[in-house]
Each structure stands twice: as structure tokens, then as C-alpha cells.
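Given the sequences, and given the hints that come with them, work out the whole structure.
Residue numbers (the working numbering), protein chains in the order written: chain W, 1 to 288; chain D, 1 to 326; chain P, 1 to 326; chain V, 1 to 497.
Wrong hints could be hidden among the right ones.
[Said to hold, decoys possible] Okay, derived cross-link-like pairs now, BS3-like style, lysine-lysine, Cα gap no bigger than 27 Å in a straight line: (1) V:Lys350 <-> V:Lys386; (2) P:Lys322 <-> V:Lys142; (3) P:Lys128 <-> D:Lys322; (4) V:Lys142 <-> D:Lys322; (5) D:Lys128 <-> V:Lys328; (6) D:Lys128 <-> V:Lys142; (7) D:Lys219 <-> V:Lys386; (8) P:Lys322 <-> V:Lys311; (9) P:Lys128 <-> V:Lys350; (10) P:Lys322 <-> D:Lys219; (11) V:Lys350 <-> D:Lys322; (12) D:Lys219 <-> V:Lys367.
Hints in this document: simulated from the structure, not taken from any laboratory.
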Amino acid sequence: GEVKKIGLAVPNLQADFFNQIKLGVEGYAGKLGIEVIVVDAKNDTATQVSQVQDLMTQGIDAFIYIPAGAAAAAVPTRLARAAGIPVINVDREPDGEPGDTVIYGENIVSAYQVCDHIIKKAGGKGKMVIIHGQKGTTPEVQRFEGCKRAIDENPGVELVAQQWSQQWSPDEGFQIAQNMLQANPDVTIIFGQADGLAMGAAKAVQGAGLEDKVIVGGYDGDGAALESLVKCDTPFIVTATQSTQAMGVLAVNSAIAVGHGASVPARQIPNAVLTTCADAAKFVEKHP
Amino acid sequence: MSSVNAAPDFKKTLLSALSLRGATGPLIGLILLCLFLTIATDSFFSIRNFLNILDQITVLGIMAVGMTFVILIGGIDLAVGSVLALSMMVLGYLNVTAGMPMWGAIPLALLAAAMNGAIAGVLITEFKVPAFIATLAMMSIARGLANMITNGSQIIGFPPWFNLGAIIRYGGFLTMTVAVMLVVFVIATLFLRYRSGGRALYAVGGNPEVARLAGVNVKRTTILVYTACSALAGLAGILLAARLDSVQPSSGVAYELDAIAAVVIGGTSLSGGTGGVGGTIIGVLIIGVLRNGLNLLSVSPFVQAVVIGLVIVLAVAAETFKERSK
Amino acid sequence: MSSVNAAPDFKKTLLSALSLRGATGPLIGLILLCLFLTIATDSFFSIRNFLNILDQITVLGIMAVGMTFVILIGGIDLAVGSVLALSMMVLGYLNVTAGMPMWGAIPLALLAAAMNGAIAGVLITEFKVPAFIATLAMMSIARGLANMITNGSQIIGFPPWFNLGAIIRYGGFLTMTVAVMLVVFVIATLFLRYRSGGRALYAVGGNPEVARLAGVNVKRTTILVYTACSALAGLAGILLAARLDSVQPSSGVAYELDAIAAVVIGGTSLSGGTGGVGGTIIGVLIIGVLRNGLNLLSVSPFVQAVVIGLVIVLAVAAETFKERSK
Amino acid sequence: MTSRSDAPILTLQGIRKSFGMTEVLHGIDLEIHAGEVVALLGENGAGKSTVSNIISGTILPSAGKMTWQGANFAPATPREAIDAGVAMIHQELLLLPHLSIAENIFVGRYPMKGAVVDRKQMEERAHSGLERLGLEISPRRKVEGLSTANQQLIEIAKALTLNANLLILDEPTAALGGEETSLLFEQIDQLRREGVGIIYISHRLEEIKKIADRIIVMRDGSKVREFDTANLPVRTIVESMVGRPLEQMFPTLAVPRDEVVLEVDSLSAPDGSFSDVSFTVRKGEIFGIAGLVGAGRTELVRAIAGADSIKSGNILLGGAGAIPHSPKDAINNGIVLVPEDRKQHGLVLKHSIQENVAYANMDSVTKSGWVVGSLVREFARKNIEKFGVKGKGFQSANEMSGGNQQKVVIAKWLARNPRVVLLDEPTRGIDVGARSSIYEIIHALAASGVAVVVVSSDLEEILGVSNRILVMAAGLQAGILDHAEADDVSVMELATS
Ligand SMILES: Nc1ncnc2c1ncn2[C@@H]1O[C@H](COP(=O)(O)OP(=O)(O)OP(=O)(O)O)[C@@H](O)[C@H]1O
Ligand SMILES: Nc1ncnc2c1ncn2[C@@H]1O[C@H](COP(=O)(O)OP(=O)(O)OP(=O)(O)O)[C@@H](O)[C@H]1O
Ligand SMILES: [Mg+2]
Ligand SMILES: [Mg+2]
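As C-alpha cells, then:
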């Protein structure tokens, strides 16, 4: 049927990535005159299930579902199915309970590109460390997989330490990097699996007075990260900008299509774009 | 002559039977909240939404009952959120990974949860570690253990009937999980009001030394209370696993704060010795209805945090206003 | 005849001057921990790593001082983590977004932080809301407000000198942020030991009614203590902003638990009336060294959680062992 | 002996006070002059403490007017009263256990040297204040762990160092022995000579004659009599307090039976607070334990009741070994203890009287483990009525006057029909009328075959009620005296040996 009201379940609006998707959905739906109801699960799956129940109570016509937590709960999809409305998954989809389509940022190739970029920049050799995101989550696992591929291609690069953060946050990035540099003073390459981690790490590098020796790569293309890249005055020099706004638009379009009975591809995977100091400015202007 | 009060009237007896004394302020608050939401939204006042709310408060409700016991004896338990996660992961590991049938996995998951409380209880009674710190440590430890079971990943693949218990509304009304919560409410209320073991909790919370001199085994009582609270958190975890049809070690973060808030909103005093399950149920409902209502009103998540904070304060301060106006 | 002083030995005087009595257990623990890490890792025992640790504990250290005051009067403050975030966002908004110079933005950020404490203090004293609940509510409210300022996103673009203050080691030794922390430590220690206002905190914590009967204005003292604690959390937020050269509303989640743990590990009793800043510094160092060491040892975060929990319990239970062996 | 001047320093006019719906003071008028000691007497719950609390700014009156040194006086906080020169020692001990004695004495008004607290001066002044009361103890010591008597002396020192013009002493001697009491009286005398007005509250009427210049008697919240001299027969005072003539204080002693109920055999405490104590108590016997403050009597009876652990020795009950490992053990064996400190150890103050009674009598108010509300109410009503407690079962314990609380504690324990009853200072803070009824209860208990042990610092009491008296000195057993051979002199001789 006609889609007039969309429910959007977001895991955590404090993460710029999700916030950007939300802005994409809201902006595009606004143009089309579609109402959007957003709920934020604060990273808790159980909260998200409750929120989805409440969305159903409000009679939404389509459901954009970004699963919260390390697990993607199947129950929200089942609830929506029971109500007979389209389910558009973004970022992740629950095992065994796929929605009508899933839209997610490609992780492996883009992570490969970021790591390849910083390794090349360092001359194809040197000691490297990785600051992971929350252990066990899909992006954490896949970004490591991609980056590892780049490391394996360069025998001169040695991965000397890895540590996991709990919240992908800058203060964790700072602290972890500071300790890593302490334990391995001759590190030259750092990959932070998210921009927050990378920017925190860059500050730690500056604090240790190593800004001439160490380079840092990040991921996501957060607003603040892009602004920092434009200035290009820190060791943080590259990220992979996810097409978050595009994902939002794609999600709304898919919802409308499914609502009208049209078929959409099971997987839609917009690429992340490798972003360096040189091309960050255009993304600050308009986020992809 | 300093005359003594008049005959206790009927209202008092009723409130007291439901152990709601000290919680009339919150009860009025709950009613006002429901009235407001009924007027402000189309969708709040409906059987289906009420059933949803019941579903949504199951986990908090069961944890809050255990927390009521702990707070009644003057303690606090910060570990329940982590214990919930541990119980879920043990269940998932045993049932899905190790292939143990549910009738074996559920008791063992509860046991794993209960152990945490027993350890906290021993730390508190034998090693004189303050409850806040003992359970803070257990919170960290239980979370770490829950994560270690699968190295941080989730487990899915429970038998189909398990999830159905949380979804099918028997008689069009009660899911299995809600039924379990109601049973816990009834048993806990009866225990606290009418069993001598329950009354002993009030004595211990009121003054542990007086209770000890009156022949209560205060240490054993304390350990049992923390064990029960953890076991209930474990039970809540199992119901949550049924609801989500999956388990993950990051579940239940900060749930302890919700549980404590619900208990205190319900009139149980953090200094111990006064309160009861009746009030806690109201506290749980206030939090549940509020969350549901804010979602139905499509309030921005950031504003929600502010509103929830304000309501918690108002609900607790209401008792003071009531006292003053007397 | 037991004269005024029965020959005070030197050790006692020293410990007492540093207000370390009741914290000798943790002090020994800290030393053992350092010894272990020196042996187990190459990189732990070096000036540079110690300076790093000082850097890393700045935020926790300053928050823990405020928390010491609060716990000394028998209270608790769960809002400090959120207040830190609020102060950061106010600073970022005023300085970067609104273009106000730092000398205006910093005091206003501190003021915004302090207001939270003042409100919590009024709720506690005037509306008889238990401290746990009042500050739990403020935690939710402050977090919501911090998020509302930028709708959840971070702010970057502080003037360059701001970040340099956290990076440049003046005299090869002290960054500005560490210097601020040390000044806070010294002032707080002197205040608690030698000012009558500081001694009054001990009286209020020991028994508020006794303090009141002795003429202490307990309500005012309480409000001021919560205000000071929040202001210090705000100060910690400003230092964190300098260090990260950016602000984001999700900073400081669960920092309150670290601060409370540090204070209690340092021998300040949660029931109020005993303890001091000296012990708190040791508590902060234990947590800081432990985190640093676990990272240097590349321990997995899940195992870290378990180890941290165990150390907290051991540090606090150590006092009991010491008492028993006497 | 009085140096009283004519204009009163303090007047009260029509002071009323209500707690909730209940009015407990019905218009009190009174006047205090400089340099006089006025005894404020009355039964438990008469309102003595309430009046004192109003004068000292601790609580606010509901109606009425006060003047202080000619001007209007309405202290809203204790601080205002203290600043005006009115100090009070409260009936209940109010000390900070974790702080040093010196800090306790000077809390809220520390001597300063410049911007910092002058510890040295503080300790010196505390030391001299304590010395005046005969307490030789380092002012740096923590209050925690001091005996009740010493804590009471610290309270008094606190008030003495305030340099007040009006001092209210609410039962200062309830926890003190004879020697401390006379030192206190010297201090009071000194203050009187310096022109300080003193309100003195006590249930020990023999003290009144020694120290007071005037007597004011209260009953049920009203002032009923004023005597311009304290030189009156005790009987006259008592009759005006209770409003009826009072019979003999101590009933005649019954002869105990031969059967030994409780046998204590060379009992010692792990901390040495008592050691090698042996005695037997027969069926129907009242066995007194006397001694100076700090002699270890409290620890001894606590150990027998299973509240503290025992290092060595034996406790036999009806011939069988019965060392209790917990209070529960002792209670199951029929040994109960009425503790010395009712607020800390006797009652859950914020709970109702009936709850408090029920805690110690769970089996009497339950049916197969289920608590029956009507049983709780009925059981409590019956038992507190027996002791003439002023109050109803559903009232919370902290609304009752100290004396009535004490009666509730006794009631809850005697309701168990024990074999051995240990009473530690059973009449502390209890008025004369109630006291004689408690003695009657003790005798009735003995007559019914219970072995009764009474610990008391009140010599007259211990001589009046006991068949035999064990005297302790510094934790050791100094001797056991028979009723016939015991008198003040013989007991005190042993106590100081
Ligand atoms: N906080 C309170 N709430 C209610 N009633 C109270 C409160 N405090 C005292 N009362 C009542 O006021 C009356 C007077 O009590 P008060 O303590 O003044 O007696 P008192 O003469 O000092 O007795 P005692 O000799 O036992 O100390 C009593 O009936 C008591 O129950
Ligand atoms: N809680 C305590 N901790 C440590 N020591 C104590 C404690 N209570 C009492 N003492 C000490 O134990 C000794 C015996 O005190 P106890 O109270 O038994 O004396 P008592 O004869 O009952 O006198 P009182 O009249 O004070 O009750 C004293 O030296 C006292 O200082
Ligand atoms: Mg009194
Ligand atoms: Mg005694």
C-alpha cells in the first residue's frame, strides 16, 4: 500500500554514522511528505524490541530497522511481518530472519583500502597497531578482515599490537594509543576502526611528540573527522567515508517500492569512499 | 492527654494489604500519567498497548523484585544487569553450542546467576566489603565472564517453542513470560508480608544488630537475599532470551539503575527496613508506561532522557510533598 | 596517666598528615601492583610511562576528589559522568559554535556543571530525595541536555593552545592538565584537614543530626558539597576536552562508577564520616596503573573486566584482612 | 547555696507542641534564673525532653513564646540557641564515633589559628575539660569503642566547654556510676556559682535533693507542681509526679528454690573485658551484678546471651552444657537479654511497636510459618499493656519517650516465657512509678521459677532487688554477697578492690 508513515529504529544516535542515516531518511522523507518516527535504543536490544512494539502500535506503514547491539534481534522483523508491512534492514540483518532488503556499507574492501593507503604512505614497511571497535560486532570483525588483507600483502609490515575498545569512543582511542605507543615506541602505522578511535589516537601521537613519524587511518567519515581531514594538521590522514545519506535515501525508496509490491534487490551495498586530506572538503560540503 | 490515633479505616487496610503504604504518591502519579497519555495520544489507551507494556516490563519487573529484597535489608545490587547477561550466555552456550536440552540448561543458567549473588553476599558479610563495592566488582566480573563465553559474539538457534512462549498470548492475553512475572510478583508479595522469613528482612534492614539479638541469622539472610536477587536477574535473562530468541553478552547494561529507580519510586527506602513489592510494581509500571508513552508521543530520544529524570525525581519527591501538606 | 599524646611515632604522623590512615592496605596493594608490572612488562617502569599514567588519571582523579567530599558526608553522586559531558558540550558550543573566547566559555561551562550539583543538593536536602535517586535523575537529565546541544554530534575546532596545554610537558614533566589535577589534590587535602569547613564534612557524614545540634548548617553544607563535586566534574570535562581537542555528548559514561570505586578503594567509607583525599589518590592510582598495565600486557578487554573487578574487591577486603590479623 | 538573681534569664509562656495530630505539650509556662539549678521531673513521656528540645532550638514549638535575657527568643536551629548561650546535653548519646574525642567536643566551633583549625589548642582544652570530670583519656582517641559512661562524660564535657549561660542536662547521670556523678555535681555547683542557669532532668530522685534549688513537676504534657525548695521528702515528689500515692518501691524478696538453672563456669572473653567469672543462678533467684562503670558487666551478659563470642569457660543450663554460638541459640535455650542500649540494640526505631514485639516472638504470631496480622496486633497489645506502655501497637518506636521504649524492649523479651532473663540496666531512664512496676515484674518472674540476672549501676536498685550480688572489678569477679550481708559499703569495697 501507500507509505505515509515510516518507523525508523536506530541503535544509538550518539554514533555519527547512525545519526547521518537518520538525517538522510528524515531529509528525503520530508521532501516526499512522509512522516518519520525515530526511536533510539541506546545500544540495547531489549529496549529496541520494546520500541518496535510501540512503533507498531502507532500504525506505521513501513519499518526501517537498524539492529542494536552485537546481536541483531529477529523479533522486530517478525513483529513487522505480523503487521504485514515492509521491513528494510540497514547496516545489519538478523540471521535467519531477513527483511525485504538489506542496505549496508561495504566494510572489507574499504578497510583494505584505508590500510593499504597508510601502509603505502609509510613506505610499505614498519610496525603497525590496530585499535578495534567493540569486540564481536560485525564491523569490528570485517574491518579487521579487510585491513589484515592489506597487512598480509606487505611482508615488511608487522602487526605488533591490537586492543579493543568498548564504545568506539575518542577517549578510549586516546588511552589505548597512548599505552600502545608506550609499549611499542617504534610504531609508525595506526589503524583505528572508527574515526573516533583514530582521532583519539592521533591526539595521543601528538602528545607523545611523534606526529612526524606516525600516521593514523580511520573509518566512517564522521562529520568531525572530515573537518579534521580538511585542515590536515594531525597524524590522522585518511578515512573511508560511508555513504550514509545515500543509505537513508535508498532505505526510503526501497520502503516505497516494497509497499507498492515492486521487487528490490536482496542486498544493496553502497561503497565507502576513501577520503584523504585532499578530497575531504567536498564531503564536508555534502555528505554522500 | 496525648491521645492515640483513631481506628484504622478501610482504605488503610486495603493499601496495607497490597503493601502500598508509602507508595500512594507514586500510585497517584501513575494514574495521572496514564490519564495524560490517554488524552495526548490515540494509541495509548487500548488493550493491545497495555499488553505490550506488560511485555515490555517483564525483565525490569522481575529484576526489581529481587532488588526490592536487597534494598529492604539496606543493601544494593549493581550487578544484576551483568548477571542477566551471564545467565543468558550460559543458557545459549549450554543449549545451542553444547546441545543440552532446555530443562537442563535453564536450571544451570539460573545456578550460574545465583552464584554471583552468593559470592557478593559472602564478600559483604564475611569480608565486610560494602555492598555497593562488592556488587560493583561482581558487575565487572560477570560482564567479563559473559563476554568470554563466546568472545563477545551472540548466540542464536534456540528451539522454536522457546521464542513462542514470549510471543503467543495464551487466552488472547498472557504470554508465558508475562505469566512468569505475575507469578513472581504474587510469591514475593506473599513472602514479604506473611512469611516470618519475609518479616525478618524488614528487621534486618531496620537494624541488623537488633535483628541479630532477636535471633535472626543476619549473615545467612543477607547471603540468601543477594543469591535470590541474582537468581531473579538470571530468570529475567532467560525470559529476555526467549523474547529476543538470541543471547548476547552486551545485554542488560545499566539495567540495575532502572531496577533501583523502580524500587525507590515505589517507596522502598534505600536505608532499608521499609517498603514492599506492591510499591515496586507501581514503580516498574511508572517507568514502563513512561517509556511507552514517550515513544508513542514520538518524543526525541534526547528529550526522553530529560523527561525520565524529571519524572523519577517528581515521583520520589511527591512523598515529601504529601508529608508536608499533612 | 594518659597524657594528651602518648608518644606519637613518626610513621603515624606521616600517614595521618597525608590523610592515609585506613588506606595503608591499598597503598601496599598499589606498590605490589607496580612491582608486578615492572617485572611482567618491559615498558611499565619508565618515567615516560609514569607521566602517561598521570595524564590518564587526570579526569578520574579530579572527579574522585569531588566524589570524596560527597561520600564523606554520607552521600553519593551518580551524575558526574553526565555532568562532565554537559560541561564539555557547553564549552564546545560557546567557544566553537558561538565564538565566545575561552576565558568566558570555561567559567560558564563550570557554572553549567555546578548548577547540576546545586539542584541535586536542593533535591536531597529540601525534598528529601535520596542522594542515589536525585543524582540518578540528574545523570539522565544532564546527559539528555548534553545531547540536545548538538543533537548528538561532536564539536571540534578549539583554539590550538587549548590542546597544547594537555600535550606539552612543561619542564619535560608536567602538562597543564596534570598540573591542574595536582593543584586540586593539594587544595582539597588542605581543606579537608585544616579548614573548619572541611572538618564539618566529617561531622555531617558521621551523623548529620549530631552535626546539626552542634550548630553546623547541614543543609547548606550538603548543597555546597554536591555543587563542588559537580563543578569538579565540569573541570574534569574541560581538561578532557583539551586532551581530545574535541567534545562529544557521549563522553564520561559510567565514569561515576570508577570515581566511586577509587574513593572507596582509598578507604573512604560509603557510610560517611571517615576517609580523605590521600586515600582517594591511591585509589585513583590503583585504577590508573591497573588499566595501564593491563593494556601494556595486551590483556583482552573481557579478561580486563574480570581482573578489575577482582582487584577492586581485593583492595577493599584487604582492610578487613588487616583488621582480622591484628 | 543559691545565688539566684531576680529577673529570670529564660521564660516560657504557653509553649505547646504537637506531633502530627497529637499534642504532647499543653501550654507550658516556666522561668529560669541565673545561678539556679531547676530540676525538671515527671514520668516517662511527660514532656521533659520535648520542652528542653524547644528551648535549645532542636525542635520548633507549635505555639507559645519564649524570652531570653529579656528579649524575644525563638531559636530556629541549635546554632542560634548555642550562639545565644543556651546549651543542652541530650538524653540520647550524640557522638561521632569515627572522630577523636577532641573533635567531638569542638565540632561546629573549632578553635582557629588564622585560617586553620588549631588542633593543639583543641586537644588541650578537651583534655582539661575531661580532667574536670575525672576522665583521664587521650583526647586524640576515637570515640568508637568507648563505654557508654565515658561517652556520656564526653557529652558533658562538650556542654561544659560551651561557656553557656543556660545549660540543660537531660538525664546526664543515667549511664554514670556514683563517682562520676559526684564529679559532675561538683562541676554543676561551680557553674551555678558562676551564675549559669541549669535545667536538670533525672529520674534519680535522691540526686535531686543534692543538686537542685527548685523542682518543677510535669505530667502528661502540663506543668502540675512547682516546689521552691528541693528539700522535700521523696514521697511528696513522687506523688506529685504520678498523681497518686505510691506504695513501697521494692517488693519483699521471695526465697529461691534449690534447683540450679544457670551455671557459669570460669567464663572469659576473647578481648579480656572479663575473665574467669563463675556463678550459679537458681530457679526463682534474682542475681544482681554490680561494679563500677567499665567493669565488664555488659560484655559478660552479652556473652551469656550468645551476642559475643567466648574464649574459654562453660555455660550450663539445667545441668547441660549450652554455650550459645549466636543469640538465636541462646533464645532457643530460653536465655534472653534486655540490652543496655535500647536504641542500638533493643528496637528497630522506625518500625512499629507491634512489629518490634513480633521480631522476637515470631513463633507466637505465626501459624505454620505464616504471619497472622491479628495475632501480631493482639500479642503486642497484650504484652505492652502488661507494662503500662503509653502508646499503641501501630505507633512507631521513635515516637515514644525513652522510658516507654525501654518498657517495650522488656515486654518483647519477657513475652517469650524464658528460663533465664538477663537484664542490663533495666530501669535506665525509667520513671519511679514505672520502675516499681518493673521491680514487681522482676519479682513475679522469679516467683514463677525464672532465673533472673540484673546488671545495674544503681546501687540502691541492685541492693533492693537481688537475692545475691556478684561484684565485678576491672573484668574480674571480686566476690559474691548475700542479700543479708550486702550494703553500699560492702559492695563498693569489692567494686574498687
Ligand atoms: N518525634 C515524635 N513524634 C511523635 N511523638 C513524640 C515524638 N517525640 C516525643 N513524642 C511524644 O511526646 C511525649 C513527650 O515525650 P518526651 O520525650 O518529652 O518525654 P520525657 O518526659 O522526656 O520522657 P522520658 O523520661 O521517658 O525521657 C511522649 O508521649 C512521646 O511519645
Ligand atoms: N563497643 C566496644 N568496643 C570496645 N571496647 C568496649 C566497647 N564497649 C565497652 N568497651 C570496653 O569494655 C570494657 C567493659 O565495658 P562494659 O560496658 O562491659 O562495662 P560495664 O561494667 O557494663 O559498664 P557500663 O556501666 O558502662 O555498661 C570497658 O573498658 C569499655 O571501655
Ligand atoms: Mg526524655
Ligand atoms: Mg554496661
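So, going through the hints one by one against the coordinates:
| no. | hint | result |
| --- | --- | --- |
| 1 | V:Lys350 <-> V:Lys386 | 23 Å, holds |
| 2 | P:Lys322 <-> V:Lys142 | 19 Å, holds |
| 3 | P:Lys128 <-> D:Lys322 | 12 Å, holds |
| 4 | V:Lys142 <-> D:Lys322 | 41 Å, violated |
| 5 | D:Lys128 <-> V:Lys328 | 22 Å, holds |
| 6 | D:Lys128 <-> V:Lys142 | 20 Å, holds |
| 7 | D:Lys219 <-> V:Lys386 | 34 Å, violated |
| 8 | P:Lys322 <-> V:Lys311 | 21 Å, holds |
| 9 | P:Lys128 <-> V:Lys350 | 16 Å, holds |
| 10 | P:Lys322 <-> D:Lys219 | 21 Å, holds |
| 11 | V:Lys350 <-> D:Lys322 | 19 Å, holds |
| 12 | D:Lys219 <-> V:Lys367 | 25 Å, holds |
Checked against the numbered hints listed earlier, the structure breaks hints 4, 7; every other hint is satisfied.
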